Amino acid sequence: MRNARWLIAVVLAGAIVVALNSPAVAKCEPEKAGATYPNLVGKKIKIAMDPSTPPYTIRDPNDFEKIIGFDADLARAVFKCVGLQFEFVSGAWSGLLPSVIAGQNDAMWSNLYYTAERAKQVDYVVYMQAGTGALVQKGNPKKLKSMDDTCGVRAAAGLGTVEEAAFRDQSKKCVAAGKPEIPQVSYPDMAGGVRLVQNDRADVMLTDLALVDQLARDNPTAFERGFSMMTGFKVGVAIKKGREDLLKALGEGMKEMQSDGTQRALLKKYGLDPTLQITSETLRN
Amino acid sequence: MTQPRRWLLIVVIGGLLLPLLLVGCGNPSGGSGVPGRSLEDLSAGKRVTGDEGRSAPSATSAVLQGLREMVLYIGSPFLLRGTLLALQIASLAMAGGLVLGLVLALMRLSSVLPVRGVAWFYIWFVRGTPQLLQLVFLYDALPIVGIKLDTFATAVIGFALNEAAFSAEIIRGGIVSVNRTQAVAATALGMGPFLTLRRIILPQAMRAILPGMANDTIAMIKLTSLASVIFVNELTFRSQQIVSQNFKFFTVFAAAGAIYLLLTTVISAVQAVLERHFNLELDRSAPRQSGLARFLGIRWQGQPSAVPDPESRAADREPANLVAVVREPADLALSGAVMMRSSVASPNNGESGVPFVVCDDVCKAYGSREVLRGICMSVRRGEVVTIMGPSGSGKSTLLRLINHLDRLDRGEITVAGRLVGYDRVGTSLRPVRNLARARADARIGMVFQHFNLFEHLTALQNVIEAPIRVYGESHAAAVERGMTLLTSVGLAHHAHHLPHRLSGGQQQRVAIARALAISPRLMLFDEPTSALDPELVADVLGVIRRLADGGMTMIVVTHEVRFARDVADRVVFMDGGVIVEEGSPADVLGTPKQPRTQQFLRLVEREVGTF
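Protein chains in written order, with the working numbering: chain D, 1 to 285; chain U, 1 to 611.
Calculated from the structure, these hints are not laboratory results.
Simulated pairs of lysine-lysine, DSSO-like, Cα-Cα distance not exceeding 30 Å: (1) 46(D) x 148(U); (2) 43(D) x 148(U); (3) 66(D) x 248(D); (4) 66(D) x 148(U); (5) 240(D) x 148(U); (6) 248(D) x 148(U); (7) 148(U) x 120(D); (8) 241(D) x 148(U); (9) 120(D) x 46(D); (10) 145(D) x 269(D); (11) 80(D) x 148(U); (12) 66(D) x 222(U); (13) 46(D) x 234(D); (14) 148(U) x 44(D); (15) 222(U) x 46(D).
Which chain U residues stay away from chain D? Per the calculated CB distances, all over 10 Å, these: (16) 109; (17) 114; (18) 215; (19) 361; (20) 376; (21) 435; (22) 504; (23) 582.
None of the values given here were measured: they were computed from a predicted structure. Where is the CB? At the ideal position from N, CA and C, for every residue including glycine.
Using the sequences and the accompanying hints, generate a full structural model.
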C-alpha cells in the first residue's frame, strides 16, 4: 500500500514536471503533418550521420544495412512523431557538418556538440549534455586522473572534434605552467583511436563518456576509464540555417520524446546515463 | 615455359586460396553455414580483447577462426556493395579522366601559347592540391553558386578531373616518346593531325602510356575511400563502419584488403594483355598465347598453331636472287601500275613540255638562319632531277617546301600549275585551313633518308595506310595493290613483317612502295641511300631507276654521282641556299664550271673511291 502511494506521488510529480516543461500541448500528431509542415511533407529529409559513432549511430550487427544507436533511434522516433519522411545519409564524420552548411543534406544527427562557433553556421535542437571520458590502458599506467595530468602524455582525439580542441587548449596551459606540451594525434575514425590506445601508441583517448564506459565494460582487461568530465557541452541536431519548418518540426518532436519518456528509455537502452538528458531547446546564433 | 613464372603463379593462387582451404578443413560445420547467419554470429558481441587470444583453446584454431571470419566478410553483401561502388566510380572517372587527359596532353603540346598555358595551369593546380579538398570543394562549395551535385556524380567528376591532370602528363610522355619523324612521314602521306595521332602516334605511345595508366587505375580504386567525406560508402569506409561497431579490425580490414588485391590483380592482368598487344618486339609468328596465359605463365597445349599466312607461302617460292624477282614480271607491274595511275591523276597529260614543278624565288629561314635564298627551278613532267650539294645547302628544305611539310617564307611553288596548300591573297600566299587535304590532293610521294616507316605496322600495313585512310580505297583493293607494289620492290614475302625485322635497304624499298601507293604524280627522294650500308644501296637505286624508266617525275636529293649521271635528266647543284649550277649530268658532273661544284665533286668522288 505504501508502495502504491509512493508510486502515485512520483507519477504526480512527474506529471507536474512535464506540464511545467511543456506548456504547449505537445502531442504526436503525425496525421496533421500536411497542415503543420506543408513544405516538408512528401519529401525525404536527408539526415547526415557517421555510422561509426557508437553508441549513437552505428551499423546494426545483425544487418549492416541498418543504422541503429541512440541518435538513430531518437531520430526515427521524432520523425515518426511529426509524421515526416527521412533517410540517413552516411559519411565520414568530418564531412557531415560541411554538407549541411552547403545544403547537400538537411540536418546532421551524429552526437554533435553545440558550440557558438558552429552555431554561426547551423541551427540546433539540443536534447542532452555530453560527458567526456578519458580512455586509458588497463591499470591507468600514466595515472591520469584529470586533464591537468595529461601534460606530456601522448593524447588522441577525433579529427575536428571538441576533444581535439580541448587537448590543444590544455597543451597551452601545460606550456604556460612550465610543463611539457601534449604530443597529440588526431584519428579520422573512432575505432582507429581505440587501436591507438590498445597498441600503446597513445596514453589517453578523449571521447564521449558513454563510449569510454562501454569500451571499458566490454574489454575489462584492455581498457579502463582514466577520468571523466561533465564538460557541459550540449548535444543536438544541427539544421541548415533558414530551414525554419524543419527546425520547428524537430523541436516539437523532440519535446514530445522528452515528455513521453522515449528519450530516457533510449538512453537506458544504449547504456547512457539518463541524467544526461536536458530539456530540449532550439538554439540559434 | 619458364619455371620461375610457374612458381610465381602457384604462390599467388595459393595465397589467394589458402584462407578458403583452411576454412574448409578447419571448421566442417562453418563451411556449409549460411554466410548471413555466420556473419551475424561473429559480429554480434565479441570485442577485441587481450584475453580473448589467451582463453582460446589453441593458437591454431584462433587463426582458423580468424581466416574463416575473413572469408565471410569477403563474401558479405555489405562489403561487396562497397566494392561495386568503388569500381563504378573508378571506371567512370577513369574513362572521363582519360578523355580529358588526352585533350590536356594535346593542349600541352600545342604550338599556341595560351592553349599550352591553360593546360599547364590546370595540371599545375589539380596536381598541386589535395584531392580530398577538391572533393569537399565540389560537394560543399559548388552549391553556393547553385550547382548541386549528388554524392556519386561528385565522386565521379572529382576523380575524373583529378585523373585528367595525371593522365595528361602520362599521355604526353607517351606521345613525345614517339619519334617525330613518324608524324612527318604521316603528314607527307596526306594524313591529317588527328588521323596521325589516332593511327600512328597513339598506338606507338601506348607502350609508354600503359604502365602509368595501370598505376593510376589501381591507385584510384583504392583512393575512392577518400570520398567517404562526401558520403560515398565504398569498401574502406564500410569496413571502418563494421570495425567501429565490432572492433574486429584485423579480420575486417584483411577482408577488405583481399578484395582490393583481387581487383588490382585483374587490372594487372588487363595491363599485361594490353602491353603484349602493343609490344612490337614480340615475335608474332610464334604460336599465339592469350594475354592471360602469358600473364599467368601458362601455355596451353593443343592450341591451334598459327594460321598459315601468305608470307610463308611466298617465302617458299622465293628464289635466292632478289634482284631477279624485281627484274622479272614485277618490273612490268611496277612501271605499269605507276604509269597508269600517273596518267589517271593528271588530266592534262598531253602538255609534257610545260613545267610540272615551278619554284619561283623560294626563300626560307629558320630563325635568323637563311636556308634558301631565292631558288628558281622548274621540273618538266617525266623529268628526273637530282639535287646535289654539301649538307646545309638547303636541298632537303627545298623538298619539304615542295610538298608543304614546311611553310614558305617568300616566293611560291606550283605543282601541276597549282599551289600546294596555299591560297593566293593579293600578291602573297596564305596557308589553307585543311592542309592535310591539300597535301593529299597534290599526290606528292616522299621518301626519307631514315625511311620513317610506321614502326607498329607491318610492311603491307605501312603501304595501305594512306590509300585506305586518306584516299578512301577499299581494304581489299588497297591490299591487292599494296601486294603488287611490295612484289615489285621484291618484298612480297616480307609483307607481314614489322619494319624492325627488315634491313635498311628493305625498309627503304617498303618506304618507296608506301609513297607509290598514293599514286603520286611527283616523287621526292631525300637522300634515300645515305643511311644504308653500301651493299644495300644498289637495290634501292635499282627501284628508283625503274621508276624513272617508267616515266615518273622525280626530284632526288642524293650524293650518288654515278646514279645521277645514269638516271638524271638534269642535275642541280646547290650551295648556301642558292642554285650554283644546273644542267645535264654530263655538263654539271663532267665539266663543272663553278669552282664550288668542282671542289664538292672532287670530295665526293674521293669518298666513293675509298669503297
